[in-house]
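Peer 1: One-letter residues, chain by chain:
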Amino acid sequence: MAGRFRTRLGDDLERLIRAIGDCKSKSEEDRIMGRSIDQTKAILKDGKMDKASVKDLLIKLIYFEMLGHDASFGHFLAVQGCGSNSLVTKMVSYLAVTQFLDSSNTLILLLVNTWRTDLQSDNHLIVCAALTTICKLVNTDAIGPIVPQVVKLISHPKEVVRKKAVMALHRFFQLDPKSEGPLAGVDLDRQFRQALCDKDPSVMAACLCALHDMIKMNTPAFRNLIPSLISILKQVFEHRLSKGYEYHHVPAPFIQIKLLKILADLGAGDRPSTENMRSVLLSVLKQGSMKNTIGHAVLYECVRTITTISPDPQLLEAAARTIAGFLKSESSHNLKYMGMAALGGIVRINPRQAQEHQAAVMECLEDFDDTLKLKTLELLYKMTKPNNVEVVVDKLISYLETCADQHIKQDICRRVSELAERYAPDNQWYIETMTLMFGVAGDAVEPKLAHNLMRLIAEQETDVHQSAVAICTKALENPKAPEILLQVVCWVLGEYGALGKHLPEGGLSPDDIMDRLASLMHSQDCTEMLQGYILSAFLKLGAQTGVALTPDAEELVRKAASSKSTELQQRALELQSLQSMPQVKSAVLPADASCEDFEDEMPTLRSLSFLNAYVQDALQAGAAPYISPEQQLEMGVIRPTSSTDALDAVTLRYEAYQTAKAPTPTPSASANTWGQDAGADLTGTAPTLLAGTSAASAGDYEPALNVKSRGTRRWGPAEYATPSSTPEVEATPPAYQPVEVQGLVTDIDDFQLGEAPLHEPDTYKNERDKFQATLFGDPQQSSRPTRSRAQAGLQPKTTQRPRPQAKPAMAAPDVMGDLLDLDVGAPQPAPAAAAQNSDPFAALDGMDLLGGSATATPPSTASAGTTQLPIDLNALYGAQPSSASMFDSSVGVGPQGGMPMGMPMPVVMPMAQPQPAGASTGGLQGLGLAMPGGLGGVPMASGPAAGASKVGIQKKEDPFKDLLG
Amino acid sequence: MIRFVLLQNRAGKTRLAKYYIPLEDDEKHKLEYEVHRLVVGRNPTQSTNFAEFRTHKVIYRKYAGLFFSMCCDVTDNEFALLEAIHLFVEVLDHYFQSVCELDLVFNFHKVYLILDEFVLAGELQETSKKVILERLRELDRIET
Numbered sequence: 000m001a002g003r004f005r006t007r008l009g010d011d012l013e014r015l016i017r018a019i020g021d022c023k024s025k026s027e028e029d030r031i032m033g034r035s036i037d038q039t040k041a042i043l044k045d046g047k048m049d050k051a052s053v054k055d056l057l058i059k060l061i062y063f064e065m066l067g068h069d070a071s072f073g074h075f076l077a078v079q080g081c082g083s084n085s086l087v088t089k090m091v092s093y094l095a096v097t098q099f100l101d102s103s104n105t106l107i108l109l110l111v112n113t114w115r116t117d118l119q120s121d122n123h124l125i126v127c128a129a130l131t132t133i134c135k136l137v138n139t140d141a142i143g144p145i146v147p148q149v150v151k152l153i154s155h156p157k158e159v160v161r162k163k164a165v166m167a168l169h170r171f172f173q174l175d176p177k178s179e180g181p182l183a184g185v186d187l188d189r190q191f192r193q194a195l196c197d198k199d200p201s202v203m204a205a206c207l208c209a210l211h212d213m214i215k216m217n218t219p220a221f222r223n224l225i226p227s228l229i230s231i232l233k234q235v236f237e238h239r240l241s242k243g244y245e246y247h248h249v250p251a252p253f254i255q256i257k258l259l260k261i262l263a264d265l266g267a268g269d270r271p272s273t274e275n276m277r278s279v280l281l282s283v284l285k286q287g288s289m290k291n292t293i294g295h296a297v298l299y300e301c302v303r304t305i306t307t308i309s310p311d312p313q314l315l316e317a318a319a320r321t322i323a324g325f326l327k328s329e330s331s332h333n334l335k336y337m338g339m340a341a342l343g344g345i346v347r348i349n350p351r352q353a354q355e356h357q358a359a360v361m362e363c364l365e366d367f368d369d370t371l372k373l374k375t376l377e378l379l380y381k382m383t384k385p386n387n388v389e390v391v392v393d394k395l396i397s398y399l400e401t402c403a404d405q406h407i408k409q410d411i412c413r414r415v416s417e418l419a420e421r422y423a424p425d426n427q428w429y430i431e432t433m434t435l436m437f438g439v440a441g442d443a444v445e446p447k448l449a450h451n452l453m454r455l456i457a458e459q460e461t462d463v464h465q466s467a468v469a470i471c472t473k474a475l476e477n478p479k480a481p482e483i484l485l486q487v488v489c490w491v492l493g494e495y496g497a498l499g500k501h502l503p504e505g506g507l508s509p510d511d512i513m514d515r516l517a518s519l520m521h522s523q524d525c526t527e528m529l530q531g532y533i534l535s536a537f538l539k540l541g542a543q544t545g546v547a548l549t550p551d552a553e554e555l556v557r558k559a560a561s562s563k564s565t566e567l568q569q570r571a572l573e574l575q576s577l578q579s580m581p582q583v584k585s586a587v588l589p590a591d592a593s594c595e596d597f598e599d600e601m602p603t604l605r606s607l608s609f610l611n612a613y614v615q616d617a618l619q620a621g622a623a624p625y626i627s628p629e630q631q632l633e634m635g636v637i638r639p640t641s642s643t644d645a646l647d648a649v650t651l652r653y654e655a656y657q658t659a660k661a662p663t664p665t666p667s668a669s670a671n672t673w674g675q676d677a678g679a680d681l682t683g684t685a686p687t688l689l690a691g692t693s694a695a696s697a698g699d700y701e702p703a704l705n706v707k708s709r710g711t712r713r714w715g716p717a718e719y720a721t722p723s724s725t726p727e728v729e730a731t732p733p734a735y736q737p738v739e740v741q742g743l744v745t746d747i748d749d750f751q752l753g754e755a756p757l758h759e760p761d762t763y764k765n766e767r768d769k770f771q772a773t774l775f776g777d778p779q780q781s782s783r784p785t786r787s788r789a790q791a792g793l794q795p796k797t798t799q800r801p802r803p804q805a806k807p808a809m810a811a812p813d814v815m816g817d818l819l820d821l822d823v824g825a826p827q828p829a830p831a832a833a834a835q836n837s838d839p840f841a842a843l844d845g846m847d848l849l850g851g852s853a854t855a856t857p858p859s860t861a862s863a864g865t866t867q868l869p870i871d872l873n874a875l876y877g878a879q880p881s882s883a884s885m886f887d888s889s890v891g892v893g894p895q896g897g898m899p900m901g902m903p904m905p906v907v908m909p910m911a912q913p914q915p916a917g918a919s920t921g922g923l924q925g926l927g928l929a930m931p932g933g934l935g936g937v938p939m940a941s942g943p944a945a946g947a948s949k950v951g952i953q954k955k956e957d958p959f960k961d962l963l964g
Numbered sequence: 000m001i002r003f004v005l006l007q008n009r010a011g012k013t014r015l016a017k018y019y020i021p022l023e024d025d026e027k028h029k030l031e032y033e034v035h036r037l038v039v040g041r042n043p044t045q046s047t048n049f050a051e052f053r054t055h056k057v058i059y060r061k062y063a064g065l066f067f068s069m070c071c072d073v074t075d076n077e078f079a080l081l082e083a084i085h086l087f088v089e090v091l092d093h094y095f096q097s098v099c100e101l102d103l104v105f106n107f108h109k110v111y112l113i114l115d116e117f118v119l120a121g122e123l124q125e126t127s128k129k130v131i132l133e134r135l136r137e138l139d140r141i142e143t
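Going line by line, the protein sequences match chains G and F. Throughout the first sequence, residue numbering follows numbering that gives the first Met the number 0, covering 0 to 964 in sequence. Throughout the second sequence, residue numbering follows numbering that gives the first Met the number 0, covering 0 to 143 in sequence.
Since the hints were made in silico from the structure, they are not lab data. Heads up, a few of these hints could be off.
As the list claims (entries may be wrong) - Straight-line alpha carbon distances no greater than 27 angstroms define the calculated DSS-like cross-link-like pairs of lysine-lysine that follow:
1) F:K29 to G:K23
2) G:K290 to F:K129
3) G:K290 to F:K56
Said to hold, decoys possible - Derived, one-sided and incomplete: chain F residues facing chain G with beta-carbon distance under 7 angstroms:
4) A50
5) R53
6) E82
Even glycine gets a Cβ: it sits at the ideal position worked out from N, Cα and C.
For reference, chain F alone in the conformation it holds in the complex (with noise of 0.2 angstroms):
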């Protein structure tokens, strides 16, 4: 099961906080430093994507300079997540015509409509880029 979900600069701004378990805010933003400092700290080439995180995973991914970080169970598949960052990238690439931080920053609130077309109580509930896009084309109708 997913955690988190977190997306942050390189300087540790929070450009999106989803949070799957209960917590305390205080909680949320020690979390929130941690892994910046965690993910930061590793060396790009000579690092594995995967870092182990109390008593779960990190997997995180590096794009530009925002780290797109999820938090996991030790038995879920690394990989596969790594590979869920991915895919959430490209919808989000596809949605915004190639994503920029900007794009992030001023739309924080669309990006997390996005997120929960693709993560949902902790699960991935939609793989196919397709579907999640089009769902989101359906929601943008209902504001213009």
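Chain G on its own, in the form it takes in the complex (with noise of 0.2 angstroms):
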């Protein structure tokens, strides 16, 4: 059978293909591999190849490449071969090029001429080929010499070049959404609206995917499309389109499902757009089929836009219809798949649709599956209520330990963490899910979640603190404990192990805990940033108990202090020498001290007045005043750094250089010197040669300025073979006046405002904001008040972050019957809930009451955002020094104790420096962290371990930038 099509190819490449199919082990494949590849560079080096056998040794290189070896050094071959003159051997080059190279190849501006002559030849076969590699290939170097003509091509009389030359343009769009590098002055819009507008379903087609992308960078300015796409629509499921692009009897189905993508992001928080849809999405689902996947595909999209788009309770009870259809399908798993997908979706809007199909639920989260499982997960993610934290906690946890995957478990991480935080009934609870997720997937969990754990242990009272210990201790019994486990664990030992001996299980006095952790760090895989944190347990302990250090951890210290990591040294130094000083030790690392406030001692630090009398010294010393980079500029010592300069000087440049002048004969210099050297009859001829060059130059601008001169487009009637559709689509073509555009967007303005916290464009992104939204959106929520920590009985200790509120879980007896109830028996699964919301959209409308009061909001919601970081930048200033005192003694110490390490104080620093502050700082910052690095530079000195536990890593280093601006 396959023997039809063999003489396509050489028989030498026939040979080896066979001979490929015939190895029986890896080794002897990469045998004949090896052999042919080395016969294949020697007939490159020899040269000598005809049209035919340049086309068989093009695709033997493919082959080559395809089985995983490499073939570059045929490369410039495919490259050579674009420019060939012969159709066959140009086309399989083309070919070639896309299999080989990437945008990123310096062989693509090699291409950029052939590609420019190419677009512009009259067989459309060789533009297509060309379009077709352009797409793959171009890069934003390339697209400035190419664009005019792409542009050309979409009034192309051949559908396929129009439909790949809109495909390009989206390309470049891609590369350049900004329309600010080499598409600058294109009006790609307009070029879209147009290719909308074409009478060939694929063009239209391909425009989709391009106004798509458009889209999504400025929703507002494309709602004036909604009339024209529902139009399409239309006229799509009516079976209007040519047989062609029916598929499986459901009419161009891709077609459906892009135009429904764009619908939802068009319609997402617009209630005008909402009401305009609404019919064309109801019949959509009407007329979609059950039968066949691709009808389930399309159904699927619309309830997903229905689910995006503004709520409309029309629309969503036929949704949670079609969701039920999914889900009562006993075989397919794909099915279920997609049904808990598009629960997950409206679930958002009307938390009692889950409930409906609890009993699915429960069994696609025991499913053989896995991702059906993790879909599932994600649902019970979207669908987490106070009184339902812990269940889907566990869940999640309890998938973690089966998971494998490192990115699958990063994002379980993250929403486990979420959860926990928001829903958290107790912090008790919260720090016991950590540690156990810490445990299970630590080597997957991200440092920030961390430090986020530490800073809130620091916020609460000691009887937090004490359980925190007790936790940590049960922890350090895991011997496989991950490192970011042990490394709270350390923290929190160090920080608060004074507590242990008030444990109500056994006390553990400091020299337990001390040696529980030099037996920590004896283990083999205690990595450096451990032993740091190791240290600095041991540091804080016995300056908050007193008492010494034990044999043990004294050795341990011994050791670090010449290990060969500058980091250990100095903490192991330091500690050595605060040691010998007990009243220094204790006042600079008091007892539970990670959370003080030092705003009121910010001003002083901040100006760096301490510093004069150093800078003062070094003056005198001879050491030359410092000159801030704005004097420097002024006294032009340096000059101002602009990069777009340097950018354009680096871009290369596509046009031909403008032809030589040649000197004319007008009684000028050089001219006259020219005449001297050339004789008379040469500067006869000068005239005729200059007109000559300067119409080939002409030519090679032609095409700039036929796009300039391209004003009067035809804006070609909206129709379809069919000419029933004419009179339908006519009307489109001009709902994209300007005018009206700038009319419908500032009504759409006004209709964002009183629902933007509900719907917001449906992207993964904010997939969590919009949880929120609905979550407070919730009848049960909406009645009930708040209770922030504070309210729980639990505040922080200082209000300087505000958190998210950790709500108190509601009475719940049964919470796994709340959540999903499954017993049989059981009468009705949460009938209280049920009856909260009985009226889901009333919930909705008054979603927006809500909205408005932000404060109750989580800080995804601007007001919280704002006021969380300026407040962020001061707690890490004023988490460094401990207090004014604390820094005279620090001061002191820093020379009496002898540190080798010294700050490494830049000689002449005016006080607006950074640097100086920075290291200053750090080494008062209870010379737990007075590393060279406590500036970021090694990860360790910035951990929360040493004194200031509030500031996360995370946190530490945009202050620092801001402040180098």
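Bring the two chains, given one by one in their own frames, into a single complex with the hints.
Peer 2: This is the structure in structure tokens:
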């Protein structure tokens, strides 16, 4: 059967493929390939190839690469072949380059000229081949020279060329989405709108992809397209497109899906648009077929659209019916998956939906298939409420135990910590859950989460500290505890180890703790980072309880003092020097001071006035005074850096250089000399030469000129092959009059104001925000005042950092039952909840009100976000020095203690310079952390292991950047 | 957006690999290996045709001994891509007149051409079987 086509390949290659197919082992295959590659290299080197052999050779090279061998020696041949006169060679070469190269390859530059020629070819096959390659390989440098020609091709008579030109423009847009680079001045919007009205459906379909991307960038500007899109969608499902677009009896399903996606984006958060779409969406649902996969795909997309746009009761009800249809399917896992995904969309708006399908949800949760399980967990995550958080988190963590994929683990960890932080019934549970999660998936947890946990612990009262110590001591018993968990444990034990002796289940003396930490440090896989944490813990324990180091710990410190890591060395040496000064030690590291507020001292500290004396000394010693960058700029020592200048200089020019002006025989000095050199007869020919070249150069620029002069574009009527559709569509083009767009935009904005928090555009990025909005719009929630941690009796000691408020769990005697009641005998699942939910849309209406009082919403809302940021900065600075008096003492200590690794003070630095600030505060920050890396150079130093516990690493870098300007 | 399209047999031999995002060669080989392991390891009767893959999704479908896999964004419609794979197979079937693995092995360059007519720059560019086949016939005429 396959024999029919084998003649198309060269004999040589056919033999090779057969030989590879017969190979019994990988090594045998490699041997054959190696031989063949060597032969090919030899042929290439020889250089004697005819047309047919070039083609065979290129195909062979593609084969090499496909099997994972390097054929880069042949890449240039492919690039060369693209410029060939032979059509066959050209096509194969273009195919080969798309396989061999990608957009970052330098060889692309060599292709640009070929593209420019080929785009102007009369043969549409060549133009298509060039456009296909462009779509794959173009990069920002190459757009400029070819964009005028591609734009011109949008009105090419062949539809396949138009389609590919639209795709190419789409690619350009992806590379330069803001039209700031090479696309500046190209009205893509107009091009795409024109293509949308193309009479050929494939061009229109191609254009939808491009429009979708543009709409994502700037939704309001495209809302005026909605009527056109709706009318296209109507025509599609009314079978007005040619039969060729039908797929399994569904009319152009892929186009339908794309249109629905676009409508979802356009209708998100915009009630008038939703109103317009209602009837068409209902018809799509009604017409949709449940018989085959493609029918499901369209229905699923439609449900997604309905759940993304502004909620509409009628549509949601229809969507819910469709979802029920998916979930009833007994046989197909795919359908269940789709049901879960769709349910995940709809519970955001109407939580009751999940309760109706609880049996299905629980079944999917236990399913064999991982993907399905994961999707269901995502659904659970979306429906988490204070009353079911424990069950959901439990499920998530038990999935973590079985999961091997790093990315999925990370994702789940993020979710667990988010849920735990938001809904934790009490802090004990929060700490336990987080430690459990660190224990199960330590390798996948981001350090940020650990720092969050430490910060949270630091903000609490003694009883929480005590239970944290208990939990941590228990965690220490696990021999395989991951690094990140151990870091938290070390920090907690260092900071609050003193409370260990009051533990209800058997006290722990500081000595005990030190010994346990020491044995941890003895273990083989104790990283440098962890060792640093342990050393800090020793220091803090000693300072707070007044006990001396245990012999074991003493020994470890001594070892660390001569460690090859400077960081450890410094920690150890500081510890040793502080050990000799008990008073200083307890002043520097007071008990439970990781959360102190330094607001008052900030102004003095920030001015760095304490360095005045130092600077004076240096100046007197003859150091040059400091000149700030601004002053340097004024004095002309440095030049203003402008990145754009540099870029301009580097980019390549593709236009031909201007033809050198032949000197005209005018009475100028140069003309005279030329005349003298070349003789009189040459001067006579000069004018004609000149005329020729100027004509040629005009030809070069022709495309650009053409583009400009093509103002009178013919806006093709948006009609399809079927004439009956004409009247409807013809009404569409005028929809995009610029004036109308303006008016529409403002209207839309008005509408958005009230509803914005509810319906964000459906991207995964703000999935959580949407979840929050739904959560707060839930009738249960809105009727219940949000209790902050303070109200729950767990007041943070500082008010610096408004954290996501942990809400206490509602009294839920049967939490599982509340989530999903599986018990068949049980009368009705959570009747109370159902009653409260009886009118979900009334609740939705109430949401606007709630959104207005943003204080109760989690920090993702604008107001909370803005208040939080400045405070964070302050907190950072506040956290560094313990107090002014402490600062004095530590400055005293530094030199006295004879620390070999004193602060690297720049010799002359005025007060405004941040480095000394960081270094010195780092030093006084309790000498627990006085590292040269204190500025974030060495990650360890910035960890919360030392005194400044409430500063997370991620917060730490920004403020300095800010200060450095 | 479709990130890549892979065609592999049960043993993990790549029959076609098309990437729509720039990747290093090593990375490509690793991907091919991982995707193969992922799709082969799934239970055909008790699994969905979708799998989480790194930060994306792989949609796959098995035809005889061949796995067709597409990697796409998490927001893409899984079912549409599942059917896109099938449409691609239908086109192949039509073009090669009842396709078998050997057709693809010996005409891999044709398969690339067909794919180029179907997916371009990571988007479905043409969803009409008729249009694709006409276009392929046109391309074939060059060679004769």
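Peer 1: All hints, please: hold or fail.
Peer 2: Quick rundown of the hints versus the structure:
Of the supplied pair hints, the one linking K29 of chain F and K23 of chain G holds, its CA atoms being roughly 22 angstroms apart against a limit of 27 angstroms. For the hint linking K290 of chain G to K129 of chain F, the alpha-carbon distance of about 23 angstroms falls within 27 angstroms, and the restraint holds. For the hint linking K290 of chain G to K56 of chain F, the alpha-carbon distance of about 25 angstroms falls within 27 angstroms, and the restraint holds. Taking 7 angstroms as the C-beta contact cut-off toward chain G, the hint placing A50 of chain F at the interface holds, the least distance being around 5 angstroms.
With its C-beta approaching chain G no nearer than about 5 angstroms, R53 of chain F sits inside the 7 angstroms limit, and its interface hint holds. Because the beta carbon of E82 of chain F sits about 5 angstroms from the nearest beta carbon in chain G, less than 7 angstroms, this interface hint is met.
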